[in-house]
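> Protein chains in written order, with this note's numbering: chain A, 1239 to 1632; chain B, 1239 to 1632.
Incorrect hints may have been included.
Since copy identity is lost for identical chains, a pair holds within one copy or between any two.
As the list claims (entries may be wrong) - Pairs of lysine-lysine residues, derived as DSSO-like cross-links and limited to a Cα-Cα distance of at most 27 Å, are as follows: (1) Lys1357 / Lys1251; (2) Lys1295 / Lys1361; (3) Lys1431 / Lys1586; (4) Lys1335 / Lys1251; (5) Lys1463 / Lys1430; (6) Lys1262 / Lys1335; (7) Lys1603 / Lys1251; (8) Lys1262 / Lys1586.
Worth flagging that the hints you see were computed from the coordinates, not collected in a lab.
Next come the chains, spelled out residue by residue.
Protein chains: 2
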Amino acid sequence: MLNESYRRMLDNKSVIRETFMYGKQRAAQIGYENVFDYSLGNPSVPCPAAFTKAMQKLLAEGDPVDLHGYCPSQGDPTFRAAVALHLAQKFRLPYTKGDIFPTTGAAGAISHALRAVTKPGDKVLTFAPYFPEYGPYVAGTGAELLVVPPMAPAFQPNLEMFEQMLTPEVACVLINTPNNPTGVVYSADTLKKMAAILTEKSAAYGHVIYLVSDEPYRDIVFDGKTVPYPASFYQHTLTCFSYSKSLSLPGERLGYVAVCPGCEGERVLVDMMAQISRFTGHNCPPSIIQRAVAQCLDTTSDLSVYETNMKILYDALKNLGFEVERPGGTFYIFPKALEEDANAFCLKARQFDLLLVPSDTFGVKGYVRMAYCIDTDKVRRSLPALEKLAASYR
Amino acid sequence: MLNESYRRMLDNKSVIRETFMYGKQRAAQIGYENVFDYSLGNPSVPCPAAFTKAMQKLLAEGDPVDLHGYCPSQGDPTFRAAVALHLAQKFRLPYTKGDIFPTTGAAGAISHALRAVTKPGDKVLTFAPYFPEYGPYVAGTGAELLVVPPMAPAFQPNLEMFEQMLTPEVACVLINTPNNPTGVVYSADTLKKMAAILTEKSAAYGHVIYLVSDEPYRDIVFDGKTVPYPASFYQHTLTCFSYSKSLSLPGERLGYVAVCPGCEGERVLVDMMAQISRFTGHNCPPSIIQRAVAQCLDTTSDLSVYETNMKILYDALKNLGFEVERPGGTFYIFPKALEEDANAFCLKARQFDLLLVPSDTFGVKGYVRMAYCIDTDKVRRSLPALEKLAASYR
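Starting from the given sequences, assemble the full structure and let the hints guide the process.
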């Protein structure tokens, strides 16, 4: 018989997906250029030329049996060594090849990291608002996701509530900085305090509480700043990364888990994740992509368009009287809706062909997410629609 | 805390892997060419030039944002449509795009198919000898793997025992033809009888028993024959395929589940598997590989070396008095060991630098698997070692 728990999920439509599909229909009616679709977090800039060149060189010069052959179950050694070196240089932590586990994107990374440090029945703590796929990632391990309430308007983690909710049943804490959907970067101060709480509670409970840090937007950061690196503050950190955004390769499914040097279980965690792969049918990301990306670690796509778009949107939203935090990174902004019900607000926005995502899907009420990974020209052309939307509430 | 069930697995070394690592050490001592390593099922021939050309064309001409972009969660539409057309033409079954779910190799395919048609506590039935990874694939779903005992010497499925063991708790049956480790192709007669039993028991129990058919070796078939296609005999079949062997692309991780037209739940199964991906972090195989392979479906690598090797080895084993079934496909042969304990036999073989895998790892005692995906020259040069091994038992 069909598995009913998966079967029933087909009745729950994703709001993001529904909005995107509506956008496609509407584009067929009035033209793609007239639909201001801020629904999907899909990179809008090409991968760097260095990636294409690396692929072409591998295909032209590599021995196909070797190039397309099975990776060891811990991943391609060249890629692992290159990532370790990159992280060691960037964050001044002594990562080595053995700390790196290549995965199919951040989805694979988070799924493996969570399975490694939880057992069924454990609790996993995250902070609202949060990426909705954390729900299935955690459910897949048999653990339970608990959510620390949000702290508007700045959306730094609510550390007071965090400390209260960090009970002995919590096996790990899952964070996301720069954050989807808010665009907020966790400050060094926040991470320092969070680490202190984790260290204290770990000692009090007699077991290490792991930090799983989801960082696919690490390279999209604004105002010339750098993103404070969570593992620098707390050594029991499994850092989950993806090249989907940094190199604009979301379809090629490459990411990694980096086990922080000094992390409890450092010696066995990567081997454990290779075992976990056997139970999910994951078995390594594609070989040629690992090898090509290994040659592009010190570059990124031209990500400047996201900052340009952010500034235009942030200024416009502020001028229109929206309550909104200025994003420090990502390609998201998270203004407060102009009525209590964010779903109603998003339906109203559709009247002006503005496609926004209500915050309910991220575990918070009353806000909307705008994904501004679109052409700057379209962002500019969307401003009159945004103005009409705001005017309709005056 | 670390998940102890995955942690403990690190203490159980894989015999195949241990044999392979021994071979590497031994090669360092006496030279790679003098170690007759039959341990690993790793394709020894290059991918077809058509694949490399398709990749190069995509990289040269494709729009990178589109080419490397996110796939829909059901997979790349071009690849899905091409696979459906290919299967429809080859097997005269009306597959359409909606029946095809692209996966990261056969591992991903089997894991998704099993999760779709079982729930925790169900039983999954397979036939010994069987690929050892079926253990974790089934365990990952929460179901229990039951094994129908083998039927030497021909190693067709034991249908009498199958019928007895096919109780109401069995949600699905997992088969593998052409078979790893025996090289045996399930006959049309076997599949016809198996289908009749499945149909009868499904009716008796009031629920469809699914067939999950693992077919990565479908294109490696000998003597100009074709492999009977299980879904042609039983419509409630989820066919799991991989391009690892047919196109020699094991590292690129591409395969699919094909839901047979008329299969119970056909309309929802692919969408369900897309949901299942969310729980395992799988989320589609690589985009560029799907697109390149879509252009190569009617070709394969030059697989003839496997048949050449099979004939040399089969004749040699027969001449030396081994009890052995002539493989109909794959790159494996499965002779009976010359002593009761296959492990002891394999250790003895190492004295002649012959690396074989004992059958215990495949759920059968007293046999060995030889993976002859190696150079024909080496197969020939290994014959004196095989002869010395046999002589040592006279």
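> Up to 27 Å between alpha-carbons, please classify Lys1463 paired with Lys1430: within, between, both or neither.
Answer is within; shortest intra-copy Cα gap is 18 Å, inter-copy 67 Å.
> Is it within, between, both or neither when you check Lys1295 against Lys1361 at 27 Å Cα-Cα?
Neither: 46 Å inside a chain and 48 Å across chains, both beyond 27 Å.
> Can you tell me if Lys1335 and Lys1251 fall within 27 Å by alpha carbon in one copy, between copies, both or neither?
between (41 Å within a copy, 22 Å between copies)
> When no copy is named, should Lys1262 and Lys1335 be tagged within, between, both, or neither for a Cα gap of at most 27 Å?
Between copies only: 21 Å across chains, 44 Å inside a chain, cut-off 27 Å.
> Tell me, please, which holds for Lys1262 and Lys1586 at an alpha-carbon limit of 27 Å: within, between, both or neither?
So Lys1262 and Lys1586 pass the 27 Å test inside one copy only (18 Å; across, 66 Å).
> Within, between, both or neither: how does the pair Lys1431, Lys1586 come out at a Cα-Cα threshold of 27 Å?
For Lys1431 and Lys1586, neither the intra-copy (41 Å) nor the inter-copy (61 Å) Cα distance is at most 27 Å.
> Using 27 Å as the alpha-carbon threshold, which applies to Lys1603 and Lys1251: within, between, both, or neither?
within (18 Å within a copy, 50 Å between copies)
> Within, between, both or neither: how does the pair Lys1357, Lys1251 come out at a Cα-Cα threshold of 27 Å?
Close across copies (23 Å), not inside one copy (29 Å); limit 27 Å.
Comparing the model with each numbered hint stated earlier shows that hints 2, 3 do not hold.
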